[in-house]
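Protein chains: 2
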Amino acid sequence: MSKVTVAALQLAFSHDEGENIALVEDHVHKAAARGAKIILPPELFEGPYFCTVEDEALFGRARPAAEHPAVTTMQRLARDLGVYIPTSFFERDGHHHYNSLAMIDDSGEIMGVYRKSHIPDGPGYEEKYYFRPGNSGFKVWPTRYGTIGVGICWDQWYPESARVMALMGAEMLFYPTAIGTEPYDDTLDTSRMWRRAMQGHAVSNCMPVIAANRIGVEEMPGCAGAQTFYGHSFITNEWGDLVAEVENWQTGALVATLDLDAARTHRAGMGFFRDRRPELYGRIAQDV
Amino acid sequence: MSKVTVAALQLAFSHDEGENIALVEDHVHKAAARGAKIILPPELFEGPYFCTVEDEALFGRARPAAEHPAVTTMQRLARDLGVYIPTSFFERDGHHHYNSLAMIDDSGEIMGVYRKSHIPDGPGYEEKYYFRPGNSGFKVWPTRYGTIGVGICWDQWYPESARVMALMGAEMLFYPTAIGTEPYDDTLDTSRMWRRAMQGHAVSNCMPVIAANRIGVEEMPGCAGAQTFYGHSFITNEWGDLVAEVENWQTGALVATLDLDAARTHRAGMGFFRDRRPELYGRIAQDV
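As given, the protein sequences belong to chains A and B, one line each in that order. For the first sequence, the numbering used here assigns the number 1 to the initial residue and increments by one for each residue that follows. For the second sequence, the numbering used here assigns the number 1 to the initial residue and increments by one for each residue that follows.
Mixed in with the good hints there might be a few duds.
To be verified - Result set (DSBU-like, lysine-lysine): computed pairs, CA atoms no more than 35 Å apart in a straight line:
#1 K3/B to K128/A
#2 K30/B to K3/B
#3 K3/A to K30/B
#4 K30/A to K3/A
Calculated directly from the structure, the hints in this document are not laboratory data.
Turn these sequences into a full structure, and let the hints steer you where they fit.
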């Protein structure tokens, strides 16, 4: 099928898990009513972005996919509405903890779990304390509307993850996100870089990119300052042009219809994949 | 040394080789007078961009670096002015022909030759007829002002070439270019994609990018239509912000001063290189 309507949800979350999941549920309904068939909520939407602090008790929030209320609720919703929902969640697997994503298909089944490969660390984003670097490798999934690749937040800065997913057959790239101000430097606004990195992936791989970021001010007990998530969620076409974006402080669903046949033709015509020189790229895959 | 002033030349070329080389010479002088220490002319500046046609006679323009007037003139100029000039030229090496670049240091010596790795092909850009895909691999060179990597035109669309040069130690990326309208589709303007791809490299690698494109309308005997080169040359900082750009139809030198120490600190702080997962990138270096 050539055309597909997709949505990215830009939402503000509280400390109430039930309330957060219900909020996403509500906006998935609204996006589906507008025709969206693949609907992307932000990263770790069941709670506040807790990685601003390093608190042992917070590991208690991690659960296996089958027991995680964000996942099980989205499964029911996906089946009811006949939509795909790439669902970010804090995963526990034995003694390991991952920043993961359950790819939920339009019958409500989990097609697979991707575990975030690139784990950031620094003031406001203490993810290396919580998350083991993902051991799933990059993943792509066939849907009724085309093959999709999903990276999680920090993955979005890496041309490597976008390219690997493209080489695995992805035709669209989805990135659930939690990014905002830098607590150590409140003059630092990374939002333009954040967009540029992903618009670059769209251009280099000639495919649409969909990014859903949380928005709003959040506080965590034990954290000196508040964290302001900057939104700026967007959808690009295969040229990297923004075809849907929301204002910084607006919440809701961005919806856009993408033409994957046109993207495929553009991709062939540009010849980027034809002219690759994998024999010269060895250093990228080496520990240097 | 932390700060370096660099220049990109945006110029229009004729069919007169002597005139073209003299034009570049003049603008290298002007850029040097404004303090530039590394000065980048556009791709294949000694003539019109001839790859709009496939004409056997044009192979006669290729010469070894030591005999090429563009290279030897820039060597003299580099020595006289004490500047580095990455110099694009059409290279002959035995039976092979390459789209090459001689890295000329500030004493006028050739530090090495890079041969364009990615060769485009299509209406208006029939490069596969003329150029063997480069066998040099990617190259970086230490200068008095930092280590620089140079890609040639089509290389600039590839996140792989930028990343490999970064992993080899590059602190700035230079791209001489010849790009403009698409003869088969005069509504197609790739200039915004062209910038986006390279601004993406700047963000992902946290380093400045300098791109010099030719400008103006050129005709080649035997070519049905004219080719309009669109300029849009630019210099970014390590955030991908444009710190110097020229209007579409303006010619001359863009000059900017870059702070490589600040870029290095930013690069460390972002942690993109720290968090890479080379063991997951194998597919990039495989023929898949």
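Which numbered conditions among the earlier hints are violated in the structure presented, ordered from lowest to highest? 3
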